[in-house]
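Undergrad: Whenever a hint applies, use it, and build me the whole structure from the sequences.
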Amino acid sequence: MNWKKFFFAFIAAFGFIFLFGFLWYGKLMHGPHQEVPILWRTETDFGNHFSTLVFGHIVMAFFLTLLCARFVPAGGAGACAVMGILVALVYAGADMITFAVQPLTTKILWGWIVGVLIQFTIGGAIIGALYKAPPSNMTFVKERPR
Amino acid sequence: MKRFILAFVAAYIFIFFWGWLLNGVLLKDIYVQTPNLWRSQSEMMSLFHWIIIGQALIVFAFVMIYASGFAGGGVAAGVRLGVLLEIAAIGMRMGFYAVQPIPGKLIFYGSVSGIIEMIIVGAIVGAIYKPAVARTS
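Keeping their order, the protein sequence lines are chains F and X.
Letter 28 of the first sequence, counting from 1, is numbered 28 in the working numbering, and no numbers are missing.
Letter 131 of the second sequence, counting from 1, is numbered 131 in the working numbering, and no numbers are missing.
Heads up, some of the hints might be wrong.
[Said to hold, decoys possible] Now the stretches of chain F that chain X is said to cover, found in silico as 3 or more residues with beta-carbon under 8 Å:
hint : segment
1    : 13-20
2    : 85-93
[What the hints assert, rightly or not] If the Cβ cut is set under 7 Å, some of the chain X residues that face chain F in the computed set are:
hint : residue
3    : M44
4    : Q100
5    : I115
6    : A127
[What the hints assert, rightly or not] Stretch-level coverage of chain F by chain X, calculated; a stretch enters the list once three of its residues show a Cβ under 8 Å from a Cβ in chain X:
hint : segment
7    : 44-50
8    : 117-130
In short, the hints are calculated from the structure, not lab data.
Think of the CB as a built atom: it goes at the ideal place given N, C-alpha and C, for glycine as much as any other residue.
TA: Structure below.
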């Protein structure tokens with residue numbers, strides 16, 4: 001594994017995932033979220049838990065990078081974007097279960113599903129574009145004198 | 001394709017019963033502490049199909065990821081994928097915990113049981129799904 005490239009890919013993925021999350025869930029979906037205020041922490045309480053939010057995003061970005069770097073044999077932006085979509089489907093499934101047990105609106109559910117799909121598809125593409133593993137089938141052989 | 005479907009069905013059956021045992025029985029007392037955060041029993045039952053679709057989507061994505069990069073590694077590779085995906089899911093749970101007043105105990109127990117759940121799902125998928133063998137002439 002090329003750790004230098006891995007680190008850059010992870011930082012870029014984290015930066016994108018966190019920024020997109022702030023814009024999509026925090027700004028764009030602020031209105032729908034306010035339709036069920038009982039579900040959310042107050043502004044000050046959220047501030048006290050902000051480090052948990054950051055750490056959660058670090059964990060998600062790290063493991064998405066690890067999945068793409070180690071287990072996408074083809075590599076590249078397209079293949080890692082597909083991996084991102086598959087990981088997003090896991091999160092979308094969890095969102096559907098959350099919708100069934102928590103009093104969320106359908107607007108929030110679909111907003112979360114679309115958001116996570118965009119977030120992880122682009123996140124995967126960024127990782128794939130930045131991380132390129134050394135080809136595993138490359139070997140160096142000394143040519144015999146003829 | 002046959003093994004894909006078999007792995008999907010077996011993992012789905014496990015995840016469904018595990019979810020019921022954990023959330024419906026073992027963690028019931030913790031859920032009761034925050035009634036405002038949850039739907040009523042009758043409301044939940046009317047939306048039960050979302051739980052079925054959500055679990056199916058999770059298992060489908062799991063088997064797809066396994067088939068695309070892990071297949072051939074057997075049970076060990078399935079378990080490895082399960083652990084990776086669950087740790088990523090813990091990241092998501094931490095995000096939820098930061099914005100919702102969910103009891104920390106629920107996040108902790110949910111994460112521990114999630115690890116166990118995904119290890120077993122990985123083992124099931126790894127044991128059942130085998131990649132197609134290339135035809136030799």
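Undergrad: Now tell me if each hint is right for this structure.
TA: Here's how the hints hold up against the structure:
no. : hint    : in the structure
1   : 13-20   : violated (count 0)
2   : 85-93   : holds (count 7)
3   : M44     : holds (6 Å)
4   : Q100    : holds (6 Å)
5   : I115    : violated (13 Å)
6   : A127    : violated (19 Å)
7   : 44-50   : holds (count 4)
8   : 117-130 : violated (count 0)
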